[in-house]
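Generate coordinates for the entire structure from the input sequences, incorporating the hints supplied.
Heads up: the protein sequence lines correspond to chains X and F, in order.
Here our numbering is used: position 196 in the first sequence is 196, and no number is missing along the way.
Here our numbering is used: position 131 in the second sequence is 131, and no number is missing along the way.
You can take every hint at face value.
Rough simulated footprint, nothing fancy, chain F against chain X, three-plus residues with beta-carbon under 8 Å: (1) 10-23; (2) 264-274; (3) 298-304.
Source of the hints: derived by calculation from the structure; they are not laboratory data.
On a predicted model such as this, the values are computed, not experimentally measured, just so you know.
Every residue, glycine too, gets a C-beta built ideally from N, C-alpha and C.
Okay, here's what each chain looks like letter by letter:
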Amino acid sequence: MSHITIAASERAFEQIFTLVRDNFSFSKGPETGSFGPFSATYTVAGKLSGGTLDLHDDGTVEVKNLDIVWTQLKLKVCLDLPGCCVGGWCIIPDPWNGCLVGVPEICIGGPICIPLDLSGLVSEVNSIKAHLKPVYFIDPGRNPAWTDLEAEFNGKPNKWRIFLDPDLVSVDPIDVPASIGNLFENLVENAVEDLLPSWLPGWAKDIIMAALGFIIDIVKGILGIVDKVEDWISDLLGNRLDLLVFLETAIADYFAAQYPIYEFEDPYPILPASGGLFPVKIPIRDLKSTVNSKEMIVEANVGGA
Amino acid sequence: MAFTDNCDLFAAVHEDGINQVIQHIMRQRPSLFNYASADVTGNRELWCHQIDVTKDVSKFANPFFTVMPPFPVIGSDNPLVLTGFCAQLTKALIDFHPGNIINLPAELNPPLKPQRFSLQFIVCGGLVCPSERELDQIPVGTIGSEPFLHEFVPLKPPPIIVRGRPICFCLDVFVVGRFDLTPNGFLLGKVEGLEIVDIKPERLEANLECYLLMSVNVVLRQKLAIALEALALSFPLLNMGTITLLPTPNPPVPNNPAIEEHQLKVFITMKT
Numbered sequence: 001m002s003h004i005t006i007a008a009s010e011r012a013f014e015q016i017f018t019l020v021r022d023n024f025s026f027s028k029g030p031e032t033g034s035f036g037p038f039s040a041t042y043t044v045a046g047k048l049s050g051g052t053l054d055l056h057d058d059g060t061v062e063v064k065n066l067d068i069v070w071t072q073l074k075l076k077v078c079l080d081l082p083g084c085c086v087g088g089w090c091i092i093p094d095p096w097n098g099c100l101v102g103v104p105e106i107c108i109g110g111p112i113c114i115p116l117d118l119s120g121l122v123s124e125v126n127s128i129k130a131h132l133k134p135v136y137f138i139d140p141g142r143n144p145a146w147t148d149l150e151a152e153f154n155g156k157p158n159k160w161r162i163f164l165d166p167d168l169v170s171v172d173p174i175d176v177p178a179s180i181g182n183l184f185e186n187l188v189e190n191a192v193e194d195l196l197p198s199w200l201p202g203w204a205k206d207i208i209m210a211a212l213g214f215i216i217d218i219v220k221g222i223l224g225i226v227d228k229v230e231d232w233i234s235d236l237l238g239n240r241l242d243l244l245v246f247l248e249t250a251i252a253d254y255f256a257a258q259y260p261i262y263e264f265e266d267p268y269p270i271l272p273a274s275g276g277l278f279p280v281k282i283p284i285r286d287l288k289s290t291v292n293s294k295e296m297i298v299e300a301n302v303g304g305a
Numbered sequence: 001m002a003f004t005d006n007c008d009l010f011a012a013v014h015e016d017g018i019n020q021v022i023q024h025i026m027r028q029r030p031s032l033f034n035y036a037s038a039d040v041t042g043n044r045e046l047w048c049h050q051i052d053v054t055k056d057v058s059k060f061a062n063p064f065f066t067v068m069p070p071f072p073v074i075g076s077d078n079p080l081v082l083t084g085f086c087a088q089l090t091k092a093l094i095d096f097h098p099g100n101i102i103n104l105p106a107e108l109n110p111p112l113k114p115q116r117f118s119l120q121f122i123v124c125g126g127l128v129c130p131s132e133r134e135l136d137q138i139p140v141g142t143i144g145s146e147p148f149l150h151e152f153v154p155l156k157p158p159p160i161i162v163r164g165r166p167i168c169f170c171l172d173v174f175v176v177g178r179f180d181l182t183p184n185g186f187l188l189g190k191v192e193g194l195e196i197v198d199i200k201p202e203r204l205e206a207n208l209e210c211y212l213l214m215s216v217n218v219v220l221r222q223k224l225a226i227a228l229e230a231l232a233l234s235f236p237l238l239n240m241g242t243i244t245l246l247p248t249p250n251p252p253v254p255n256n257p258a259i260e261e262h263q264l265k266v267f268i269t270m271k272t
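As structure tokens, then:
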């Protein structure tokens, strides 16, 4: 039998998980990917929220329905619009000769960028399956000649850490709402409109833009959008820009190596320093941690004097 | 059956673990277990028992002894005469129910009762016994009361501490007790019975036992109350401001803390 046994109910384990979850955040960008006729630049940041926890008798912990809150999700798609000319029509012809009122011929083309701000979007980590992993940490800054006490006085004590080490992290595709499709088309139109000369009167711009209805299809063609715009954005962010892999890696690395669910010093201070006396510390050995369907269990021995 | 069937946090420590911890404390904080007057602490030759400590104790100049004032010699007053002493706890061992480590003396009604711990320790001590020559150094008469002085001038001469070697003895002491959980989260050992082996006459034994029982209880209260946080190795739940932790009541847990299966157990319930 181990010298020390500590157990936390599933309910208590959820509280510990919440603490770890709330400390997670990610950010990346601006990063740009080139995809032939267009490029995409993104800047993202986010955190985790919600989630349900299940402990299993096989020693695994399963987290489901964990939300990814994208506090920042900015995407800019840039492309070269092929040159084309519109206008040159006569609206009120001169009955004798020429044209009284007409729309001048305007040629447009060149680089345009479509900025999308999807900040606030919520997507989901479908599942994390993990097991508890105790790790003995020796601070790399610790001088090998130091005693444990000197290491503590220098703020570099050894530590036992228990990580929730993921065996699997599965992040769902980013669910871009359908309303983004309309927004995207409006942004394309805005970008094209910005190409028109500024001296053109508003009514003339309206007429030209109405005539440029096909431009949306041209842009979609360049970007390779064959179906819904929102699906294309989701695929671009998640797969082509690799944000899903980035997220899965970031989450796995965070839980597996960055933020332990439980950490304490070794040797462990059992009596505090007082009145010039150094703290009394006991070595903790053979740390084991596991879960079953009811609880998390940590066992350890006290090392010899 | 799960450890947390009736609670949210469970912590237990086995008697073998506690006995290891006692050894660590004795070697790292010897001044908790060794008491003497300054004249004795400064001379290893006068100690009743040599003290085993970790290297850090010497390195960081932590004391081996708690220095205490010497005993006054009854009848002395001007100057006050004092004699040194030495009191050392040289061995300590704990046993949780059911008892299997310590053989309790008949006076403590073995076997060890449920929900109780027993403790065995050896106390060595002695009073400094001065030589006749040392006693001859003490002034004759009372200083400041010479009759031929015209005016009485009260003098307060410094006390005299007689030198010598303690006459050391060792006592086998047995204790039975229980643990309580205090409202501020400490596990407090409480001594219920104490027996010193082979002391006569009985009234002397009773006096010594009363003093030791008082002493052990005081040390347990003031120096060796176990913080719940320490027992549970600072489990993260204990430091969360968002939840309240309370000892699990009876029912569902009949004894909290419990001493059973050679372990000291604590059951905590969480309120969010």
